[in-house]
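Q: Number 304 in this note's numbering belongs to position 304 of the sequence shown; there are no gaps in the numbering.
Simulated from the structure, these hints should not be mistaken for laboratory data.
Fair warning: this is a prediction, and the values are worked out from it, not measured in the lab.
Treat the hints with care, since some could be wrong.
Between beta-carbon pairs, the in silico distance windows are [as the list claims (entries may be wrong)]: (1) Ile267 to Ile73: 54 to 64 Å; (2) Thr282 to Ile73: 37 to 47 Å; (3) Val20 to Thr257: 44 to 54 Å; (4) Ser181 to Asn225: 22 to 32 Å; (5) Ser70 to Lys199: 28 to 38 Å; (6) Val16 to Ser204: 45 to 55 Å; (7) Ile293 to Asn214: 48 to 58 Å; (8) Thr282 to Thr257: 21 to 31 Å; (9) Ala227 to Gly268: 13 to 23 Å; (10) Ile73 to Ser300: 51 to 61 Å; (11) Asn255 to Ser204: 51 to 61 Å.
Ideal Cβ placement from N, Cα and C applies to all residues, glycine included.
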Amino acid sequence: MNAITLKNNQLALSNVTKPVLKANHVLVKINQAGICSTDLEIVKGYVPNFDGVLGHEFVGTVDEIGAGISQDILEKRVTATINVGCNSCAVCAAEGAEHCPDRTVIGIINRDGIFAEYVSVPQENLVFIPADVPDELAVFTEPLAAALRIREQLCVPPSQSVAVVGPGRLGMLVGWALSLSGNEVVMLGRREQSLDLAKKWGLSTGLTADIADNDFDFVVETTGNEAGLAHALRITRPHGTIVLKSTYAGPANVNLTKLVVAELNVIGSRCGPFEPAVRLLTTPQAQKILDMIDGRYALSDGLAAIEKAAEPGVRKILLKP
């Protein structure tokens, strides 16, 4: 089958073997896949020695089932949580697969991803997609879940001033999710043009460089670059909170003195809850997410799609086998 692979830092459209089903796994035929910033960082070297199929945002149809799985799920549309734990350690028992020391992660750590025609995933990772959520919206389940993770981790009082640094792929979803509970969310970008979509969504906007020091109680950094992290530190008030959503291929050289002097709270935030994300995708308001799609490519043009996704200002690029 066709797949986009990365090996020895070389990106390629490859012909790879169709996955062989294990017990309690299903084979999913990919309907749509999304390219995210993590995929682009992996291409840059974020995951050392990555060797396999890229990608983790998808919606597909159950095509085959392994031993021990009911045939009732055949032909069902699904996505899947991306972390696969060992299911035997204390971390898995207490916290789930996300922090299992021996976990694999779809398209990221020791498990092939979804920039392909098919992917094999454990049944326990499946999340079913309602009939009224089209494929092009369902493909946003994983990043929307990551945005909702902030709400799981922290209580943000509606009276707190909130900024999201970076109105890009993840930042827009974070801003929308945080606005749902009444917070005024200010989306911050480097250029006026980058804020057009935020304005269309009814979110407040501003240029990051124009924001005064110590201006916000709660800041989420989603830019994926050092400058964005430096600004997030700069604009957070003493005793305020910074949520870090970016992953970097290299080290971030940022002066962290303010963390100590201003006694800031710093929260790392990663994968989130899929079921609430799917519920949000069924609401009329979720249709606006389709505005984020900046291109649709066939899997056979996947290398061009990844190149396009890496261009400044581009948000979601979709792949279809």
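Q: So, for every hint listed, does it hold in this structure?
A: Going through the hints against the structure:
{"no.": "1", "hint": "Ile267 to Ile73: 54 to 64 Å", "in the structure": "violated (36 Å)"}
{"no.": "2", "hint": "Thr282 to Ile73: 37 to 47 Å", "in the structure": "violated (20 Å)"}
{"no.": "3", "hint": "Val20 to Thr257: 44 to 54 Å", "in the structure": "holds (53 Å)"}
{"no.": "4", "hint": "Ser181 to Asn225: 22 to 32 Å", "in the structure": "holds (28 Å)"}
{"no.": "5", "hint": "Ser70 to Lys199: 28 to 38 Å", "in the structure": "violated (48 Å)"}
{"no.": "6", "hint": "Val16 to Ser204: 45 to 55 Å", "in the structure": "holds (46 Å)"}
{"no.": "7", "hint": "Ile293 to Asn214: 48 to 58 Å", "in the structure": "violated (37 Å)"}
{"no.": "8", "hint": "Thr282 to Thr257: 21 to 31 Å", "in the structure": "violated (46 Å)"}
{"no.": "9", "hint": "Ala227 to Gly268: 13 to 23 Å", "in the structure": "holds (19 Å)"}
{"no.": "10", "hint": "Ile73 to Ser300: 51 to 61 Å", "in the structure": "violated (29 Å)"}
{"no.": "11", "hint": "Asn255 to Ser204: 51 to 61 Å", "in the structure": "violated (28 Å)"}
In this structure, the earlier hints numbered 1, 2, 5, 7, 8, 10, 11 are contradicted, and the remaining ones agree with it.
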